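*Asks:* The whole structure should be built from the sequences, with the hints applied where relevant.
Here the sequence shown is numbered in UniProt numbering, starting from 1 and rising by one per residue.
Read the hints as simulated data drawn from the structure, not as lab findings. Check each hint, because a few of them may be wrong.
[As the list claims (entries may be wrong)] Derived DSBU-like pairs (lysine-lysine); straight-line CA-CA distance at most 35 angstroms:
(1) Lys132 / Lys63
(2) Lys63 / Lys37
(3) Lys120 / Lys36
(4) Lys132 / Lys36
(5) Lys36 / Lys63
(6) Lys63 / Lys137
(7) Lys137 / Lys120
(8) Lys37 / Lys132
(9) Lys120 / Lys63
(10) Lys132 / Lys120
(11) Lys37 / Lys120
(12) Lys154 / Lys137
(13) Lys63 / Lys154
(14) Lys154 / Lys132
(15) Lys137 / Lys37
(16) Lys36 / Lys137
(17) Lys120 / Lys154
Please read all numbers here as calculations on a predicted model, not as lab measurements.
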Amino acid sequence: MSPVSFNVNPEYAQITEIVRGLFICGVSSLTAENMKKYDISFIVNATNEVPNVQSLGNIPRVKLWLEDTPQASIYPLLDQQTDQIEAVIASGGNVLVHCVAGISRSAAICLAFLTKFRCKSLRQAYQLMAQKRPVVKPNIGFWRQLIAYEQDIKQSVGTIQLIRDKTHLDQVIPDVYLDKETGFQKLSFIRNADEYENGCNCESRNRRNSGGRLKFQPVLEPVLECVEATA
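*Replies:* Structure follows, in structure tokens:
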């Protein structure tokens, strides 16, 4: 079978270390040389379209099968995936989270991890991540779910608001992208995860409310896919 080819801007493809043990990149940096250089011990493939690259050998990995669309449901994955990343880092390993360009899907996973384990808030997590990797820009659907996730795990109203351009009422963005004095109006907070999407799987909320905690359970793909991803 022919290789799957992706044309990715080198700036997006490069590997960035966000905090100790957590790396993010685009698909073009998935090389055996880079895995050795950064001592990667676990890979999170946040895409649907990128196969698990055979040339990376037997590095443990998980594939999340996410589409980069506002409708994609990422919220149900966040608790278990962030716990999994933390477990690897706590044991001395290095985790690489990737999508195609290292901008949206992988960034959303990293932001959830930072919010839960390294930062006081989602806003602080974004500011840290944007300082290290300015190109990060999760799609608006992921932002809605990240806002809901912050409210859930921090038990607060949240630190990021959605704003609307008064001249482009169909465009909604998080206020961390722009100065608040630029003619944008605030939207209401998403008060909880259920408001994001009817039928959203909020088992993590129920688990926390009941005092339980999800144990770390690796969800690995033991069989490599038969196609190869290339830049």
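*Asks:* Which hint numbers doesn't this structure obey?
*Replies:* No hint contradicted; all consistent.
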